[in-house]
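Number of protein chains: 4
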Amino acid sequence: MNSFGRNFRVSIFGESHGVGLGVVIDGVPAGIPLAGADLMADIDRRRSGARGTTPRKEADLPEIVSGLFNDHTTGAPLTILFRNENTISNDYRNLVTHPRPSHADWVAGQKFGGWADYRGGGHFSGRLTLALVAAGVVAKKVLDGVAISSRILEIGGCTDPAGFADVVEAALRSHDSVGGLVEVRAEGVAVGWGEPFFDSAEACISHMVFSVPAVRGIEFGTGFAAARMRGSEHNDPIADASGHTATNHAGGVVGGITNGNPIVFRVAMKPTASIAAPQQTFNTETGGIDELRIRGRHDACIALRAPVVLEAAAAIALADLKLTARTR
Amino acid sequence: MNSFGRNFRVSIFGESHGVGLGVVIDGVPAGIPLAGADLMADIDRRRSGARGTTPRKEADLPEIVSGLFNDHTTGAPLTILFRNENTISNDYRNLVTHPRPSHADWVAGQKFGGWADYRGGGHFSGRLTLALVAAGVVAKKVLDGVAISSRILEIGGCTDPAGFADVVEAALRSHDSVGGLVEVRAEGVAVGWGEPFFDSAEACISHMVFSVPAVRGIEFGTGFAAARMRGSEHNDPIADASGHTATNHAGGVVGGITNGNPIVFRVAMKPTASIAAPQQTFNTETGGIDELRIRGRHDACIALRAPVVLEAAAAIALADLKLTARTR
Amino acid sequence: MNSFGRNFRVSIFGESHGVGLGVVIDGVPAGIPLAGADLMADIDRRRSGARGTTPRKEADLPEIVSGLFNDHTTGAPLTILFRNENTISNDYRNLVTHPRPSHADWVAGQKFGGWADYRGGGHFSGRLTLALVAAGVVAKKVLDGVAISSRILEIGGCTDPAGFADVVEAALRSHDSVGGLVEVRAEGVAVGWGEPFFDSAEACISHMVFSVPAVRGIEFGTGFAAARMRGSEHNDPIADASGHTATNHAGGVVGGITNGNPIVFRVAMKPTASIAAPQQTFNTETGGIDELRIRGRHDACIALRAPVVLEAAAAIALADLKLTARTR
Amino acid sequence: MNSFGRNFRVSIFGESHGVGLGVVIDGVPAGIPLAGADLMADIDRRRSGARGTTPRKEADLPEIVSGLFNDHTTGAPLTILFRNENTISNDYRNLVTHPRPSHADWVAGQKFGGWADYRGGGHFSGRLTLALVAAGVVAKKVLDGVAISSRILEIGGCTDPAGFADVVEAALRSHDSVGGLVEVRAEGVAVGWGEPFFDSAEACISHMVFSVPAVRGIEFGTGFAAARMRGSEHNDPIADASGHTATNHAGGVVGGITNGNPIVFRVAMKPTASIAAPQQTFNTETGGIDELRIRGRHDACIALRAPVVLEAAAAIALADLKLTARTR
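Protein chains in written order, with this note's numbering: chain A, 1 to 328; chain B, 329 to 656; chain C, 657 to 984; chain D, 985 to 1312.
The shape of chain A in the complex, shown without the other chains (with noise of 0.2 Å):
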């Protein structure tokens, strides 16, 4: 449902156009330095500005409600509040009806018998990255030691970022949106974290980036190349007492568990589905096929603010990979 993780564990709740969103944060280890403040880096990273992001600005001011005394977290469970400000809700009023292609609007609709939050997508809306941006800062605190970096690597099929902004605006201009492709790395990971089977590295940190909308695949190391290559030229040797390998192929995993070596996976975003340019959809009332004209505020290219969310994706399956594996 909407907790993840086994000693350090988020819940997640929260709507777009509701009184907010936010996050609760178990297991945090007592006497971690935490300030409101130290979360508006990530924050900032996330919001909104660039060309092709959405027009809509929200302060994103995050409120800790509890789990923090005398500027240290305390051990109790954390818990962090972001109030919505800025919604223009009428523009979603015709969404009932006219279900947005490839969004969750009818299938919330379905799961939820009719009683789901639709305006801007409710609780399957994108701003809930927010709360996990914000667990994130928490989870990277937890990790001391580690550094999680991400980088852009392609925005609809360009791989020079001087021409990521290029390709965002001809896709504006056209009304219509672009995929990309992001890579998160961790370095400084020990060895040993991750669980044999179930619970290896690589499930765990899969398992919340699939969480974050508009992902649709996820590779470790080489990935998908690693189908077309031979063992002799895939295969990693150890080269230190430390478990140092000269190529990082496996991304930083084997087995399940962290090698030592810097985890490195890449993300595709898909192109955000919701375009200006008319569509066509079912019209849920009368059964007919119907033109679609999407209004609300709207990124053309969600990939542009994923890199900070999926590092927090990385940090919280990290940091709860590191608390548990604390338990052996």
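Note that these hints are calculated values from the structure, not bench results. Warning: the hint list may mix true and false statements.
Computed footprint of chain B on chain D, listed as stretches where at least three residues anywhere in the stretch have a Cβ under 8 Å from a Cβ of chain B [claimed, not checked]: (1) 996-1003; (2) 1009-1021; (3) 1052-1059; (4) 1093-1100.
Here are some, though not all, of the chain A residues that point toward chain C, as calculated from beta-carbon distances under 7 Å [stated by the list, open to error]: (5) Asn2; (6) Val19; (7) Asp26; (8) Ala30; (9) Gly31; (10) Thr53; (11) Phe69; (12) Ala116.
Interface residues of chain D toward chain B, partial, derived using beta-carbon atoms under 8 Å [what the hints assert, rightly or not]: (13) Met985; (14) Asn986; (15) Ser987; (16) Val1049; (17) Gly1106; (18) His1107; (19) Arg1135; (20) His1159.
A virtual CB, placed ideally from N, CA and C, is assigned to each residue, including glycine.
Model the placement of chains B, C and D on the given structure of chain A, informed by the hints.
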């Protein structure tokens, strides 16, 4: 750890060269007809035998230890046990000091302080997927009305099934191994399985799939290609009241929830790490680099045996999502 | 940690003297009518005010932050937040060096390395039961058709409700506190809730009940008296096709599974640890034994306010069992 | 369902008259010396034989199927299997139409739609506690330094151990059964085990204890007597820097967290439901009330065999709390 699932819960145990291996399945609805013989079709599909698969031959006869009465499931935990019979463990003695490249030997030794059973990969062995396949048969019965199928798309980069054998033969001749690409489809899945956020259908399926040894990547629907598509091209408009879409770029999951269209995902398998050709590795006793010649019996292309295992992974995840969806 | 439940999952957060406290409830079925006002009846029952309850007055107004739309639950996580308003935290400064006898002060300090919020008991405060009561109201709605009631059987050994006030008054006069005994009943529970072995109905209810501060014991049906009975006397013969039994010594649960008869359990609450009379305690700075005078505002008999909290505990556990039973 | 524990996780399976029963234990730290013989002391303590225990004799020889190598735990799941040998299942045929009073027969039939294995109570049988005892031995090894003991306080109301045999004999003569009261102590538990709120030490222990068949109540420390005490009398003042208290009314747990003093709890066991004397029960075929004569072999006083089972329950819960406390 070694359990997966909320309401259909699978717990795996066992080793490659120990007494045996098996699975406890909790949450199986009562009254499902089941006999050991029902398991054999999928067990046979997983079995080695083709050129490029391990010469180790095991009967793989399941013993249903609990949860069955009068040839039907009882609602109590279902336990399926397989005994190992054909083990040649002397082959593995040198792995303690000479960890195999890209194998779990070294990380397992580190994580478990030297106490792990190293024979044949111990608990990390691909042989454990036999238990997954058995659980998959039960899951498929729970998923009455769902048809799960799989096919090999590529072996060692070759996309023509008629050429797979040649590719594997060539690898064998050079004492090497090759990877592959497998596609899994599930047709007949109802609308509304999958939970918002952390237990999205993709999250749960990918969690299971990355529990299978040698998996390096997973993608749903258009997958990584989605990163290069535009929204107007990628979106799947809803065509009728049952939610069918003309295209199925989403691979059957929107907003983390099944939409009634076929679930489609592809999995990249790396080339088997255990190759016959000599390799360099770290000597944990001397601290030097030695040449390693891997003895033991191994698959040259694990992807050949993966389809039924990945079907099982999909079935287990979907069975859990189906039962959980009933609580809504 | 701070979450309970498999399919109806409650996560508690907050502190007695911090920003506030609350609960996230995951797995609430969609379409249940709910408003903040619906919570007030049970919140008022928990409220202090009677002689012997704390003079601290709080409005206890719930803010429903998520999961509600058009006055109905949406199926997304339901979050209820309470802000603290009436805090006098200076009262608690001396507890850091002088842990209160039979209070969590010392163990919390040890477990969380001195970082725990000690004001008013912090996260360990009985004030957190406010969040339980709020979750209990939602659980009761999920348990449509089940009537949960409670009554105080004893206060300070007195079994006559007309005498409870006198007993408490006498304790207050001697700067002391008293315990009590509370009975909870749930009528209208269906047959078949509860899982074999570890998630028996009693196991789940007792798990929740022992989460309530000050609970020292729980018994179902005849409870401890059963230890002195004979089987011929204790057995409840089934009387009709709906499973009704003439006697209900089992308290509505047989083999861990509800049998359709009323669920009945009794809970022993210890006397409040915070008493006004001077006590001896260990001085963690000097290593000596000092006299402690507890300031702050406390209940002289916590059992007076416990019935609605224990109803909530029962309702939460039963709601989870009900939803889980649907997966069978 | 049939799993318990977050980081030391026990999954029980099996039936009284099926192939056998057993347990998978996940999260066992590597390197613990273990052999099948180590299990026999506690298995022998649970064994029947005394007057008033079942005449069914089983060898109860454990087979360690996985997780053991070179006589030490490996860190992989530890599986222990027991085969049933001495079953006389014809005795149980009439229970399908004539459910035994205060037994699981009827609820199991309802919950599992008639598919449950009714022979000897099937999965609901007290024989399953054999698996608990085996897991308890492993848990005790994880709890290195903790001494867990138990004693029978009462049998059929008699508090003099010298008289227990007479009480049981008298019950047997009248074809009846008696209950009992058992106390469990754990000495040497460290300070700080148990989590705030839902996973308090009492909550986790009571959850496990109520999984044991025939348990009707549990109390910690002064327990139900606390309800009649005053705070000045009940409070345990801290006496030194290690947290020792002169009295131990709390039974070793304050605020849900262990305080370093002995954990003490008492458990009420009901009289065995299966008595030899004729009883009335509902005939599910005819809808009438028939006389029932229970055949099969049963204990006249299950409390006689309960101490080692309740020790195991305590050990399992404490082992999980110990490992979880390491994540803080």
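Each hint tested on the structure:
1. 996-1003: holds (count 6)
2. 1009-1021: holds (count 4)
3. 1052-1059: With 7 residues in contact (Cβ-Cβ under 8 Å with chain B), the coverage given for the segment 1052-1059 of chain D holds.
4. 1093-1100: holds (count 6)
5. Asn2: At 5 Å from the nearest chain C Cβ, Asn2(A) passes the 7 Å test, so the hint holds.
6. Val19: Status holds, d = 5 Å.
7. Asp26: 5 Å, holds
8. Ala30: Because about 4 Å separates Ala30(A) from the closest Cβ in chain C, which is inside the 7 Å limit, the hint holds.
9. Gly31: This interface hint holds because 5 Å falls under the 7 Å limit.
10. Thr53: 24 Å, violated
11. Phe69: 4 Å, holds
12. Ala116: At about 5 Å, which falls below the 7 Å cut-off, the nearest Cβ of chain C leaves the hint on Ala116(A) intact, so it holds.
13. Met985: Since the shortest Cβ distance to chain B is 4 Å, the answer is holds.
14. Asn986: Interface hint status for Asn986(D): holds (5 Å vs cutoff 8 Å).
15. Ser987: 6 Å, holds
16. Val1049: 5 Å, holds
17. Gly1106: Holds, because the Cβ-Cβ distance from Gly1106(D) to chain B comes to roughly 7 Å (cut-off 8 Å).
18. His1107: 4 Å, holds
19. Arg1135: 33 Å, violated
20. His1159: 30 Å, violated
Hints 10, 19 and 20, counting from the list given before, are not met by this structure.
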